[in-house]
Amino acid sequence: MKVPIHRIAMARSGDKGEGSNIGLMARSEAAYSFLHEELTAARVRSFFSAINFGDVIRYEAPNLRVLNFLLTDSLGGGGSASIKTDAQGKTHGLALLRLELDVPDEVLAATPEPTS
Amino acid sequence: MTSTEEILIANGQGFWGDSILGPVRLVNEGPLDYLTLDYLAEVTLSIMQKLRSRDPSKGYATDFVRLVDRILPELVEKDIKVVANAGGVNPHACKDAILEVARRHGLPLSVAVVEGDDIFHDLDRLMEGGEEFSNMDTGAPLSTVRDTVSSANVYLGAFPIAEALSKGARIVLTGRGTDPGLVLGPLIHEFGWKEDDFDRLAAGTVAGHIVECGAQCTGGNFTDWRSVPNLAMVGYPIIRARADGTFQITKHEGTGGLVTEDTVRHQLVYEMGDPANYLGPDCIAHFTSVRLEDLGDHRVEVSGVTGAPPTSTYKASISYHDGWKSTGQLTISGPDALEKAKLCAEIVWQRLAYDGFEYGPEERMVEFVGSGVCHAGIPGATSDDPPEVVLRMGVKGPDRAKVDRFGTELVPLVTSGPPGVTGFAGGRPKATEIVGFWPALVRKDLIQTSVEVFETA
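Residue numbers (the working numbering), protein chains in the order written: chain A, 1 to 116; chain B, 1 to 457.
There could be a bad hint or two in this list.
Derived pair list, reagent style DSSO-like, types lysine-lysine, alpha-carbon separation capped at 30 angstroms [stated by the list, open to error]: (1) Lys-167/B / Lys-90/A; (2) Lys-50/B / Lys-315/B; (3) Lys-430/B / Lys-90/A; (4) Lys-2/A / Lys-50/B; (5) Lys-430/B / Lys-315/B.
Simulated from the structure, these hints should not be mistaken for laboratory data.
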């Protein structure tokens, strides 16, 4: 079923130099395995093409069921040089949670529902 | 000390500007051994260096003095020690102000000052000695912006803090150090961890990282926000630390907020780069080794942390003048709010161009707040016809007069633009300085740290 990533993961983001990082936290082991397979750096890069103008690098921390994405040019200059509203990328995590993926039923069944 | 004894270390201030209720309630509403407080952001040191150049008694976090004035009797009565980077670029002035507060209260106090981070006045000597301070992002040597440098500090480690505590200080004042070091220092002091004990130093670094942004690990800024009870009275985080490097994250009983595996994970990933290699001055921490266990009742057990030796360099945070910026905003009501806001923006640029002021695509910014700015380009997150929008515009560049000229063409839209333009308040937007950051490395053996303790007479 097509659902927003929010159904199977949580996220927090913040600034990292001239870019931002999004820590994506899977809500279950099954969700982590699925996201690990599906959510490539290329896919995240294309999703953020109107916000991020640099590479996207993906890191993995399976012990935390976390994928960490670095958006390398997403702040309009970064630090105090940016004049964008979200100059620190605080909302980029919530943006990624909007991305819709076709999640298998067994992954959904194994993943608790969000409370918000 | 037995191996099961726990030390309680809290963080009551996640950044410069955080609520004073965090530390006040930590001290008043339950047991505590150490209170740590972070007052420094990258831009803060540059501001403090300027304040000090105008007035030699300034250049530190005055918020901290107000806090000590409010909680000092409890600190003494409950024997709570404080580690704060409130010293900024003038820790001795901060120390003098704190000792004055203690005298006013009639309480004895010992305050330690950790120094060595501030290399602003040593830059030329270090550069003559061969340090290039090459920009870690661009590779350019610092000499290209040397004339405009406004502050320069290295991120010191935690051992000088431990030394200050071993000398009996109740309050330890530092300048720039790493945020996790504020927590790691007390751990090193209490448990006698050594400089080559990398797994434990890494565990203390992870503990410090989890609490360094205050309520961000106790339910603040949490994805499932509806599940967080009583955010108004959110409890700030407390580490229950043990000598073997394991610890629990918790908060005072009865406080608001939430501590679960998920709220702790939220902070572990914050500002994270490569989770396998979190670099610090005392060790490298492997966040990929962290084990979390949710014990319920707002307690999360953290174990399994491993570390590795640190590099031979400190990270330096150097700030410099990087031009000027100006932003302003107006509110545009519907009908046709977005269409009218776009017209307004065009009008501003055209009027400025008529007068000879043109700004390149990299120098100007237009946002239609309310139509989907934060999540631009993402389907479902934007609207073509919001009931109203905030038109937010800005420019930046090296020429102050040109940046200031922009601010004079925004407000006239109220009478000479389309109908429904309002929300004008606060006068014309003015140019403010852009403080650029220059991340660099410097050899550790070139940096001398010192620790001194001062007491009320």
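Verification of the hints:
Between Lys-167/B and Lys-90/A the alpha-carbon distance is near 41 angstroms, which puts this suggested pair outside the 30 angstroms criterion. Simply put, Lys-50/B and Lys-315/B have alpha-carbon atoms about 22 angstroms apart, close enough for the 30 angstroms limit, and the pair holds. Proximity of Lys-430/B to Lys-90/A is assessed by CA-CA distance (about 25 angstroms); at most 30 angstroms being required, the pair is judged to hold. Distance hint between Lys-2/A and Lys-50/B is unfulfilled; the C-alpha atoms sit about 55 angstroms from each other, more than 30 angstroms.
With a CA separation close to 34 angstroms, the supplied pair Lys-430/B and Lys-315/B exceeds the 30 angstroms bound.
The structure does not agree with the numbered hints 1, 4, 5 stated previously, though it agrees with the rest.
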